[in-house]
Amino acid sequence: KQEVTQIPAALSVPEGENLVLNCSFTDSAIYNLQWFRQDPGKGLTSLLLIQSSQREQTSGRLNASLDKSSGRSTLYIAASQPGDSATYLCAVRGYNQGGKLIFGQGTELSVKP
Amino acid sequence: DAGITQSPRHKVTETGTPVTLRCHQTENHRYMYWYRQDPGHGLRLIHYSYGVKDTDKGEVSDGYSVSRSKTEDFLLTLESATSSQTSVYFCAIRASGEETGELFFGEGSRLTVL
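From first to last, the protein sequence lines stand for chains A and B. The first sequence maps to residues 1 to 113 in the working numbering. The second sequence maps to residues 1001 to 1114 in the working numbering.
These aren't lab readings, by the way, just hints derived from the structure by calculation. Idealized CB from N, CA, C, for every residue including glycine. Any given hint could turn out to be false.
Unchecked claim - Partial pick of chain A residues on the chain B-facing surface, computed with a CB cut under 7 Å:
no.: 1; residue: Val-13
no.: 2; residue: Tyr-31
no.: 3; residue: Gly-43
no.: 4; residue: Ser-46
no.: 5; residue: Leu-49
no.: 6; residue: Gln-51
no.: 7; residue: Ser-53
no.: 8; residue: Lys-100
no.: 9; residue: Phe-103
no.: 10; residue: Gln-105
Based on the sequences and whatever the hints tell you, model everything.
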């Protein structure tokens, strides 16, 4: 059974700091991994999608890496801003789960001015 | 914007009443999903559809049914709502790619069952 874990559950940093969010998964037989952002009371916004054949993806100040063999992904946020405050979720789509997306519990990020 | 609209956005109902939530998409995607999100449980898949009239169960399908009579609409029905079905419900679509496509979510429907 695929399990997705995100540590830490919550993180508070001062504005301007570079930070890393972690995502680990137990079954490396995946099609891809996707990072989302969720603001309070809102839906999920897709940030980055990494296919299993890729090592990383970048979008603006965001960089996501994937190490399939070790079952890990990181989301790097450069020069954090208060507007980055949100919950960040990772999700994996695995071969052995019928292609279904399995979500982590999320990391709640707070960036202080 | 993946062109996903959920309705209603908020609903309060009483135990035992039927409830239908609608998900509408404008971009003709084949795969559509219904998730629920609850504190402590995260996002859990209820049902999904891989085409008109083609649906399958997710991990928490008991008490829910779905229908997809048109590509653009995916309906989630609670035949007889219970308090345990109080939740935020999200519809999602998968953009192109049988297994590799990106998932996009709607804004959610907040359901309260009294």
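query = Does the nearest C-beta of chain B fall within a distance shorter than 7 Å of the C-beta of Val-13 of chain A?
reply = For Val-13 of chain A, the interface hint is violated, since the closest Cβ of chain B sits about 23 Å away, which is over 7 Å.
task = Answer holds if the nearest beta-carbon of chain B is closer than 7 Å to that of Gln-51 of chain A; otherwise answer violated.
result = 6 Å, holds
message = Using the nearest Cβ pair, does Gly-43 of chain A come within less than 7 Å of chain B?
response = 4 Å, holds
message = Please check whether Lys-100 of chain A passes as an interface residue: C-beta within 7 Å of a C-beta belonging to chain B.
response = Holds: closest Cβ of chain B sits about 6 Å from Lys-100 of chain A, inside 7 Å.
inquiry  = Using the nearest Cβ pair, does Ser-46 of chain A come within less than 7 Å of chain B?
reply    = With a closest approach of 6 Å, the Ser-46 of chain A hint holds.
query = Taking the least C-beta to C-beta distance, is Phe-103 of chain A closer than 7 Å to chain B?
reply = Holds - the Cβ of Phe-103 of chain A comes within 7 Å of chain B, reaching about 4 Å at its closest.
message = Holds or violated: the hint that Tyr-31 of chain A contacts chain B, with Cβ atoms closer than 7 Å.
response = Holds. Min distance 4 Å.
Evaluation of the interface hint that places Ser-53 of chain A against chain B, nearest CB under 7 Å = 9 Å, violated
key: Residue hint Gln-105 of chain A, partner chain B, criterion CB-CB below 7 Å   = Gln-105 of chain A check passes; min Cβ-Cβ to chain B is 5 Å, inside 7 Å.
Cut-off 7 Å, beta-carbon criterion: hint that Leu-49 of chain A touches chain B = 5 Å, holds
Checked against the numbered hints above, the structure breaks hints 1 and 7 and satisfies the rest.
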